[in-house]
Amino acid sequence: MYQYDELDQAFVDQRVAEFRDQTRRHLAGELSEDEFRPLRLRNGLYLQRHAPMLRIAIPYGLLASRQLRTLADIARRYDNWPALADVPDILAELATVQMHAIQTSGNCVRNVTADHLAGIARDEIDDPRPYCEIIRQWATLHPEFTYLPRKFKIAVTGSPEDRAASEVHDIGLHMARDAHGDIGFTVLVGGGLGRAPMIGQVIRDFLPLADLLSYLEAILRVYNRHGRRDNLNKARIKVLVKTLGVERFREQVEAEWQLGRASAARLPASEVERVRGFFRPQPYQALEDFDAATGREPAFQAWYRYNTRPHRVRGYRAVFVSLKAHGQNPGDMSCEQMEAVAALAERVSFGLIRATHNQNLLLADVRQNDLYEVWLELKRHQLAMPNIGTLTDMIACPGLDFCSLANAGTLGVAKQIQERFDDLDYLYDLGDIEIKMSGCMNACGHHHVGHIGILGVDKHGEEWYQITLGGSANGFTALGEVIGPSVPKGEVAPTIERIVEAYRALRTEGERFIDTFGRVGLTPFRESAYATHPAAA
Amino acid sequence: MRRILRRREIVADDWIHFGEDAADGAALIVPLAELRKDPGRWWQWSGRLGVRLTPVDRVEELAEELPRLDLVAVEFPTPIDGRGYSAGRLLRERLGFRGELRAVGAGVRQDQVFLLARCGFDAIELADGQDPDAARRALQRYDVAYQPGSPETAIRKQRFFA
Numbered sequence: 000m001y002q003y004d005e006l007d008q009a010f011v012d013q014r015v016a017e018f019r020d021q022t023r024r025h026l027a028g029e030l031s032e033d034e035f036r037p038l039r040l041r042n043g044l045y046l047q048r049h050a051p052m053l054r055i056a057i058p059y060g061l062l063a064s065r066q067l068r069t070l071a072d073i074a075r076r077y078d079n080w081p082a083l084a085d086v087p088d089i090l091a092e093l094a095t096v097q098m099h100a101i102q103t104s105g106n107c108v109r110n111v112t113a114d115h116l117a118g119i120a121r122d123e124i125d126d127p128r129p130y131c132e133i134i135r136q137w138a139t140l141h142p143e144f145t146y147l148p149r150k151f152k153i154a155v156t157g158s159p160e161d162r163a164a165s166e167v168h169d170i171g172l173h174m175a176r177d178a179h180g181d182i183g184f185t186v187l188v189g190g191g192l193g194r195a196p197m198i199g200q201v202i203r204d205f206l207p208l209a210d211l212l213s214y215l216e217a218i219l220r221v222y223n224r225h226g227r228r229d230n231l232n233k234a235r236i237k238v239l240v241k242t243l244g245v246e247r248f249r250e251q252v253e254a255e256w257q258l259g260r261a262s263a264a265r266l267p268a269s270e271v272e273r274v275r276g277f278f279r280p281q282p283y284q285a286l287e288d289f290d291a292a293t294g295r296e297p298a299f300q301a302w303y304r305y306n307t308r309p310h311r312v313r314g315y316r317a318v319f320v321s322l323k324a325h326g327q328n329p330g331d332m333s334c335e336q337m338e339a340v341a342a343l344a345e346r347v348s349f350g351l352i353r354a355t356h357n358q359n360l361l362l363a364d365v366r367q368n369d370l371y372e373v374w375l376e377l378k379r380h381q382l383a384m385p386n387i388g389t390l391t392d393m394i395a396c397p398g399l400d401f402c403s404l405a406n407a408g409t410l411g412v413a414k415q416i417q418e419r420f421d422d423l424d425y426l427y428d429l430g431d432i433e434i435k436m437s438g439c440m441n442a443c444g445h446h447h448v449g450h451i452g453i454l455g456v457d458k459h460g461e462e463w464y465q466i467t468l469g470g471s472a473n474g475f476t477a478l479g480e481v482i483g484p485s486v487p488k489g490e491v492a493p494t495i496e497r498i499v500e501a502y503r504a505l506r507t508e509g510e511r512f513i514d515t516f517g518r519v520g521l522t523p524f525r526e527s528a529y530a531t532h533p534a535a536a
Numbered sequence: 000m001r002r003i004l005r006r007r008e009i010v011a012d013d014w015i016h017f018g019e020d021a022a023d024g025a026a027l028i029v030p031l032a033e034l035r036k037d038p039g040r041w042w043q044w045s046g047r048l049g050v051r052l053t054p055v056d057r058v059e060e061l062a063e064e065l066p067r068l069d070l071v072a073v074e075f076p077t078p079i080d081g082r083g084y085s086a087g088r089l090l091r092e093r094l095g096f097r098g099e100l101r102a103v104g105a106g107v108r109q110d111q112v113f114l115l116a117r118c119g120f121d122a123i124e125l126a127d128g129q130d131p132d133a134a135r136r137a138l139q140r141y142d143v144a145y146q147p148g149s150p151e152t153a154i155r156k157q158r159f160f161a
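These protein sequences, in sequence, are chains A and B.
0 is the number of the first residue of the first sequence in numbering that gives the first Met the number 0; add one for each residue after it.
0 is the number of the first residue of the second sequence in numbering that gives the first Met the number 0; add one for each residue after it.
If we strip away everything but chain A, and leave its shape as in the complex, we get:
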C-alpha cells in the first residue's frame, strides 16, 4: 500500500495545524458558523442530529491494520460523538498513521474510489489503485478546484466488469489498453445519484496515461467556470453535461485540454513507477487451489460459498468480513470487532483490510488452507454472517436516527427486513438481490441503483417509503423504476416479500432477480407489490 513520503506527511501535519487554528478562531467567535462551515466540511466535519460526525478518508478503501486499530482507538476514546474542540486532536492522531479527513465533504474533489477486488481480480486490465493515489494527490488542496460548484467524485475501475459504480460518479475512469498495449483510460463524465440521477457518458474512448492529470484538469476547469452556482440542486457536473449535451461538453473539454496541456500538471513516468511500486503483488506462496469446503460442516460451506471470492493467485481467496449480521445496523462495527479484524489481517492477509462500498470489509489475500481458522475467528466476533450478495447484504445510510438531512429512518426498516428474511435457506433460494436504502433524496444509500431501492420520504410528518426496482451499478448500470405509491413504514418488508415472491413465481431456472426484471418489466411486480393492501395516496 502507498506509504507517505516527507511531502505527504508534512502536508497532513500542516493541514491539521491549519484546521486547529480555524477551529480555535471559530470557538473564539472570530469565524461565524457560516464562515466556518465550508472550512470544516473540507476537513470531513459535519454537524449531525446528536453531535458532530467526522468522515475519515479511506483512499480507494485500503486500510492497514494499524490504521484500523487507530480508528478503533479513536472511536473508543471519543465515544463516537466527538466534541468540536477535540476534532483537531483526532485529526492529529490520524495523521500519525498516515490518515486524514481532507476533502471528505464540501464542494471539492472527494475521496477517489476503486474496485474492492483491485489487484486480485482475474479479469483485471491493470490495478487501478496507483492511479487513484496519483489522482488523490493531484486533487488534494488543488488551488484551482477547492471551491467547485458542488461535490465531485471520481472512480477508477481496472476490470471490464465495473465493480466501482463508476458510471454513477462525476468522472468514471475505465482502464483500457490501446493497440500498442499501452495503459490508458476510457473517460466517462456526468454520472451521479442524488436528485435527478444520471448515468455517465463516454467523452473520450482512450486517454493515454501520461495525459491523465491534464485531461482531468480540463474537465474540472470547464466545470468550475461554467457549472451552475445559483441552485445547489442543479450544480453537479451532470446538469452541465445534460444542458450542453455530451457532444458540446466534449468539444469544450477537448478545446480546453489542447490549450491548457502546456501549463497543466504533468505526470512523469518516473512518478507513475514510484507509486506503482507501492502496489506490487504480495509475496504470495506457491500453492495449489483446493476445495476448502469439502468435508466441512454445512455452516462453513455456506460461508465459503457466499463470503469468499476467487483470487488471481492459486491457493488464495478473498474473504468478506460481513458487517450485515441480522440485528446489527448495516455497516456498523464495534471497537472490539475492528481490533479483532486488524489482528486477523496481520495473521492471514498481509496486514491489509479493504472497505467496500457495500458496507463490508474484505481480507483480500487469504490462503485457502487458512480459511477454516479465519471463519472460526470471524464467527467468534459475529462477523461471519454468510449473507454476502443476498437480500440482507443491504446498503443503508444512517437515516433519521443520526443524520440531520434525512426524511425517514432506515435502520428500523433494515431491522424489519432482517427479521422477515431471517431464514438463510430462503435467502439462498432468492439468490443475488441487492437492496439499497436511503433516508432522503441525497441518495447516500445508492437506492437508485439497487435491484430493489428504498427511499424514505416525509409525508405530513410521517415516514413513508418509495420502492424502485431494476437498478444496478454492478456489472451494468441502470436506474430503478418506481413501482407506484409509497408505503408506510410497517409495510416495507411485507411489500418486499410480495415482490420477491413474484420473482420466485416468474423466474426461469437459475435466473437472477435483476434478469427476471429485465425480461418481464415492472408491471407484474407492481401488481404483486400492492396485492394485499390498499394503495396509499
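Calculated from the structure, these hints are not laboratory results.
Careful: at least some of the hints might be erroneous.
[Stated by the list, open to error] To give an idea of the interface, some chain B residues facing chain A are shown, with a C-beta separation under 8 Å as derived from the structure: (1) I15; (2) I79; (3) Y84.
Computed from a prediction, not measured in an experiment: that's the story for all the values here.
From the three backbone atoms N, C-alpha and C, an ideal C-beta is built for every residue, glycine too.
Following the hints, position chain B against chain A.
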C-alpha cells in the same frame, strides 16, 4: 488608506476603485462593464488603468487589451465562489498577463490567500474586517504542495510540475 498584501508584504494601496474618489492621474480600477460602456474615456485615462472582472466575465475577452492594462482585479463575491481561481490561472498561464493580478471582494479572507497565491495572484485586497497580518502568515501555512503553482508562497517541495 487601504492596506493590501502584495508579494508577501503589507503595503498601502496605491490604486483607486471606480466609484471611489479618484483624482486625475490616479491609478484606477474600472469594472469591465464600465470599460465596455465608455471605452473612449477609460483608455484615455490619465493614470494607470486596471480592470475588474466579475465571476461571469470571460477572461479571454481581454486577451487583446491585456498589454495595455497594469492591473487585473478578479472578484470573489463569497469565499465559496471558486471561479476566480480559474480566471487567475488563465490570465497568468494562458494569456501571459504580467501586471498586478489582484483578488478583490467579500470572499477574500485569510483562509483563501494560500490558494489565491498558488493561482498566480500577487496582490490580495482583503475583505473588510480581515486582519492583513493574519493573512500574511496564512501565505506560509503550507511549505509543500502537490500541484504546480506560482512562486508567491514558501513552497520548498512540490510533487507535480507543469
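Going through the hints against the structure:
| no. | hint | verdict |
| --- | --- | --- |
| 1 | I15 | violated (29 Å) |
| 2 | I79 | holds (5 Å) |
| 3 | Y84 | holds (4 Å) |
In summary, the one numbered hint that this structure violates is 1.
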